[in-house]
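Enquirer: Going line by line, the protein sequences match chains A and B.
Throughout the first sequence, residue numbering follows this note's numbering, covering 198 to 744 in sequence.
Throughout the second sequence, residue numbering follows this note's numbering, covering 34 to 295 in sequence.
Read the hints as simulated data drawn from the structure, not as lab findings.
Beta carbons: idealized from backbone N, C-alpha and C, even for Gly.
Honestly, I wouldn't trust all of these hints.
Claimed, not checked - Partial chain A-side listing against chain B, Cβ under 7 Å, derived:
| hint | residue |
| --- | --- |
| 1 | Leu203 |
| 2 | Thr205 |
| 3 | Met209 |
| 4 | Ala217 |
| 5 | Asn247 |
| 6 | Leu249 |
| 7 | Leu253 |
| 8 | Gln266 |
| 9 | Thr547 |
| 10 | Ser551 |
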Amino acid sequence: MAKNDLTTRNLMLDSLKQYAKNRISFNLIREHDAKNEIPLDILKEMYDHNVLGVHLLLIPEEYGGLGGQTTEIYRVCEQLARIDLGIATGVFATFLGSDPINVGGTPEQKAKWFQKIAHENKLVAYGATEADAGSDLVSLRTRAEHVIKDGKVVGYKITGSKMWISNGGVADIYTVLALAPGGPSWFIVEKGTPGFTQDVHEDKHGIRLSNTAGLAFDDVYVPAENLIGLKEGQGFLQAQAVFGYTRLMVAAFGLGGGEEAVETALQYAQQRIQAGGPLAEKQGFMLKLITPHYVRFEAARAYIDWTAKQLEVNNHGLATEGAIAKLYATESGNKAAEDAIQAMGGFGYTKEFSVEKIKRDVKITCIYEGTSEVLEMTIFRGRWQEHLKSRGQYYLNQAAEFDAIHAQNPNVGADSVALGFRALARVLDECRANKLTRHQYVTFMLGDLISEMEVAAVFTRQCANKVVTEGSRFDINSLCTMARVNARQSAFKTASDGLRLILGTCPTINTAELSQGVNLVGIEDKMRGLIDDMDVVSAKLREIFKK
Amino acid sequence: MNIIVCIKQVPDSTQVKVDPKTGTLVRAGVPSILNPYDHFALERALDIKAKTGAKVTVLSMGPAQATAVLRLALALGADEGVLLSDRAFAGSDTWATSYALATAVKKIGQYDLILCGQMAIDGDTAQTGPGIAFHLGIPQITFCESIDANGNQIVVKKLIEGGHQILEADLPVLVTMTMPHDYVAKYPSFMAAHKAQDKVTHTWTAADIGADPHKLGLEGSPTRVDRIFPPPARQKGEMFSGSAVELADKFVEILKKESVIK
Numbered sequence: 198m199a200k201n202d203l204t205t206r207n208l209m210l211d212s213l214k215q216y217a218k219n220r221i222s223f224n225l226i227r228e229h230d231a232k233n234e235i236p237l238d239i240l241k242e243m244y245d246h247n248v249l250g251v252h253l254l255l256i257p258e259e260y261g262g263l264g265g266q267t268t269e270i271y272r273v274c275e276q277l278a279r280i281d282l283g284i285a286t287g288v289f290a291t292f293l294g295s296d297p298i299n300v301g302g303t304p305e306q307k308a309k310w311f312q313k314i315a316h317e318n319k320l321v322a323y324g325a326t327e328a329d330a331g332s333d334l335v336s337l338r339t340r341a342e343h344v345i346k347d348g349k350v351v352g353y354k355i356t357g358s359k360m361w362i363s364n365g366g367v368a369d370i371y372t373v374l375a376l377a378p379g380g381p382s383w384f385i386v387e388k389g390t391p392g393f394t395q396d397v398h399e400d401k402h403g404i405r406l407s408n409t410a411g412l413a414f415d416d417v418y419v420p421a422e423n424l425i426g427l428k429e430g431q432g433f434l435q436a437q438a439v440f441g442y443t444r445l446m447v448a449a450f451g452l453g454g455g456e457e458a459v460e461t462a463l464q465y466a467q468q469r470i471q472a473g474g475p476l477a478e479k480q481g482f483m484l485k486l487i488t489p490h491y492v493r494f495e496a497a498r499a500y501i502d503w504t505a506k507q508l509e510v511n512n513h514g515l516a517t518e519g520a521i522a523k524l525y526a527t528e529s530g531n532k533a534a535e536d537a538i539q540a541m542g543g544f545g546y547t548k549e550f551s552v553e554k555i556k557r558d559v560k561i562t563c564i565y566e567g568t569s570e571v572l573e574m575t576i577f578r579g580r581w582q583e584h585l586k587s588r589g590q591y592y593l594n595q596a597a598e599f600d601a602i603h604a605q606n607p608n609v610g611a612d613s614v615a616l617g618f619r620a621l622a623r624v625l626d627e628c629r630a631n632k633l634t635r636h637q638y639v640t641f642m643l644g645d646l647i648s649e650m651e652v653a654a655v656f657t658r659q660c661a662n663k664v665v666t667e668g669s670r671f672d673i674n675s676l677c678t679m680a681r682v683n684a685r686q687s688a689f690k691t692a693s694d695g696l697r698l699i700l701g702t703c704p705t706i707n708t709a710e711l712s713q714g715v716n717l718v719g720i721e722d723k724m725r726g727l728i729d730d731m732d733v734v735s736a737k738l739r740e741i742f743k744k
Numbered sequence: 034m035n036i037i038v039c040i041k042q043v044p045d046s047t048q049v050k051v052d053p054k055t056g057t058l059v060r061a062g063v064p065s066i067l068n069p070y071d072h073f074a075l076e077r078a079l080d081i082k083a084k085t086g087a088k089v090t091v092l093s094m095g096p097a098q099a100t101a102v103l104r105l106a107l108a109l110g111a112d113e114g115v116l117l118s119d120r121a122f123a124g125s126d127t128w129a130t131s132y133a134l135a136t137a138v139k140k141i142g143q144y145d146l147i148l149c150g151q152m153a154i155d156g157d158t159a160q161t162g163p164g165i166a167f168h169l170g171i172p173q174i175t176f177c178e179s180i181d182a183n184g185n186q187i188v189v190k191k192l193i194e195g196g197h198q199i200l201e202a203d204l205p206v207l208v209t210m211t212m213p214h215d216y217v218a219k220y221p222s223f224m225a226a227h228k229a230q231d232k233v234t235h236t237w238t239a240a241d242i243g244a245d246p247h248k249l250g251l252e253g254s255p256t257r258v259d260r261i262f263p264p265p266a267r268q269k270g271e272m273f274s275g276s277a278v279e280l281a282d283k284f285v286e287i288l289k290k291e292s293v294i295k
C-alpha cells in the first residue's frame, strides 16, 4: 500500500479535528483538569479502529498498522496539542512506549506486541526515568537479574522503581529500561505481572488530563523473550536512536500548544473594543504580544517539517536537528502562551478561557523528552564538533550559501542569515581561542544561538524555494515577510548575545574589535523596515483570523 | 443498483467573510470542506449501499484540490470517484455546471439513483440538482430528509411547507437531500483514510466527457454575478412606552409618516 499522501494526511487531521469538536468540549477538558483525571474513555475511543484508530499510525503496516511517516505523526501531534496537551501526552506515551520495540525488537517480538497494541487497542507506557536518572540515564538503578534454569537464562527478575511515567497508572504494556548483567536493556512488562505495582497519579501543574505515575518492581519475573532484541546492553543505543524523532514530536506539541493559545487571544482581540477600536487593530498590542509569536511558529513549522522529511530518508539519527526543533518550538510555544494570557488580560487569567490551562500545559514541553538545558548542551556538542572539524568553516560555508540565495531572492532575509552565520562562526571561534566553553553557561547559550540561526536558515531557504510548509495558513508572500523579520532578529540575537558571552567571560578582549568581528553594525543596519514588515504580518493575521 | 452522488468542495462558510470595500470573498487561509448537504446525501447513499450492496460513485467538479472531498467520500465508503477538472469549466453558473455534471453522468453510464445535496452553502441556489435531472430528462424529488431504496423503487420523506410528504418513485430518479439541524457529519478513521488512497479516482476534462464547449464556462452561463455584498447591518429599533391607546396612535402616525398607510 502506498505511503500516505498529503490529501490523506489532511483527511486524517480533519477526522481528528471533527472528533475533538464533537466529543472533547472545553467543559469536558476543564472538568478533568480540575479533577486531575485522565479521560480514559476518550483515549480508548480515539484508539477504536472504527472511530479514529490514531495509535495505528505508529504500527508498521505488516503488523496491521498504518506505518505512519514522520510527517503525518508530527502533524497529528501538533493537532492533538491544539486539542489538549494532556490527551496528546497520553497518545504520545503509546507512541514512545512502542519505540524500543520498533527500533530494537526482533521480527517475532514486533509481530507479537504490535499486533496486541494494534488490535487490542492497548495503552503503552515508556519507563525510563528514575529519581536519579532523568535526562542522565547513565545513573539508572533498576536492575534485571538473570533467572537461570538448566544453565540457560530463561528470564529476568526486575527490581527498582521508575517515576513520572506518562500513562504509568493506566497502561496495559510497559517498556522498561533496566540494568541487566550485560548492560542497560529494554524489557516488556505487562500490567498485572506479580510484583509490579503502579503508584498514585501525580498532582501536576499542567497536562492534568494525562496520567503520570511511578512504577515499582519487586522481583518482577519476565521471560527472556521479553528482552527487546534478545540481546542485553542495547538499551541506550535503542533509546538514543529515536531521540531525533521523539523530540520532533514534542516540538510539534510546543508548536500546537502555542498556536492554540495565541489564536485564542487573537480572536478575542478582534472583538475586544478598547479606546475606540478592537485591540487587534492596535499596533503596540499586536507587535508586542501576537505578531512575533506567529513569526516564530512559522519558522518552527518550516524547521520541524524539514527535519521530518530528512528523517523519512535517514530513518534514524538527526539528534542535533531534533534537539534544535524541540528547543526552538517548545520555548517559543511556552512564551507565546504566556503572552496569550497577557493579551487577554483578566479574562486570560481565569479558568473560563483556555489560555490559562494551555500555559500550564505547554510548560511540560520544555521539560520532558530532554529539558531545554539538556538540549542546549546536545546542540552545542553536536555543532562544536563540526566547527572544530571544519576549522571554523562550518558556518562560514553556510553564510556563503545564503549570500548566493540573497543574490537570487533579495526578499527572504538571506542577507541577515548570512550575517548571522558569520557572527556565529566568529563567536564560536573566540570561544575556542579563549577556551570559553569551560563555562557551562556559555555552552548552553551557544546551543541556543545555534538553534536560533539554524531555524532561521531553514525558514529563509524554504521561502526562497517558494515552499509553503503543509499546515501553514499563510501565502508565500506573507511567509517571506515573516522570514525577513525572523532572520533579522536571529542574526541580531546571535551577534549581541555572542558579544555579551565573550566579553562577560573574557574581559581582556577588545570590545570594538569584537563588535566589528561579528559585524554588529552591519546586522543592525538590516533592521531598516523591520517594523513595517511586522505591521504587514499583523494585517495578514487580522485577515486570516478574522472574527 | 448504481448510485451517483454529486458533491462539491466549498469554503467553510463559518469562516468566510465578505470584504465590504471590494465586495469579494475573503478566502485567505479559509479551509475547504465537503458541502454539508452533500455530506448528508453521501451518508444516505452509503446507508443504501450497506442495505442493498449498491455501487456508489461520487462525482465532483472543481480544481485539482477538490480531490480532497472525493477522497473523503471514498474513505467513508464510496467505491469510485470522478473529478471534472478543466479550465473550460471555470466560470460556469448552475446551468452550465448541471449540464457538465449530467454529461459526466452519461459517460459513467449506468445509474439508477442520483443523490445531491439540496444546495451548496457557498451559493445557496439549490439549482444544480434539478438542473442535472433536467439535462438527463429524469424525474426529481427535492428537499428530502430521508430516503430508502427497495429494488426498483425509492421511498423518500420530503419536507414541505408545514409538514412532510412521503413519496414513492420508480428509478431512475434524482433526489436532493436536506439535513436535520442537529446533523453531525461522519468522518473516516485513520485506516479508512489510508485505504481510500487505493480506490480509483478518474479525472475527466470537458473533452473526455464529450461536452459541447459552448455550453460550458462563462459562455454557457446565462447568469452573471453582479456583485457580492454583506447584508446591511440591521438598524437599531425605536422603543416607545405609554398606554395601549397612546401606542396605537403613535404606531399609526409612524406608518403614515413612512407612507406605509395613508
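Enquirer: Evaluate each hint against the coordinates.
Expert: Do the hints match the structure? See the list:
1. Leu203: At 9 Å from the nearest chain B Cβ, Leu203/A fails the 7 Å test, so the hint is violated.
2. Thr205: holds (5 Å)
3. Met209: Constraint on Met209/A satisfied, holds at 5 Å.
4. Ala217: For Ala217/A, the interface hint is violated, since the closest Cβ of chain B sits about 11 Å away, which is over 7 Å.
5. Asn247: holds (6 Å)
6. Leu249: holds (6 Å)
7. Leu253: holds (6 Å)
8. Gln266: Given a least distance of 11 Å, the restraint on Gln266/A is violated.
9. Thr547: violated (26 Å)
10. Ser551: Violated - the Cβ of Ser551/A stays beyond 7 Å from chain B, reaching only about 19 Å at its closest.
Comparing the model with each numbered hint stated earlier shows that hints 1, 4, 8, 9, 10 do not hold.
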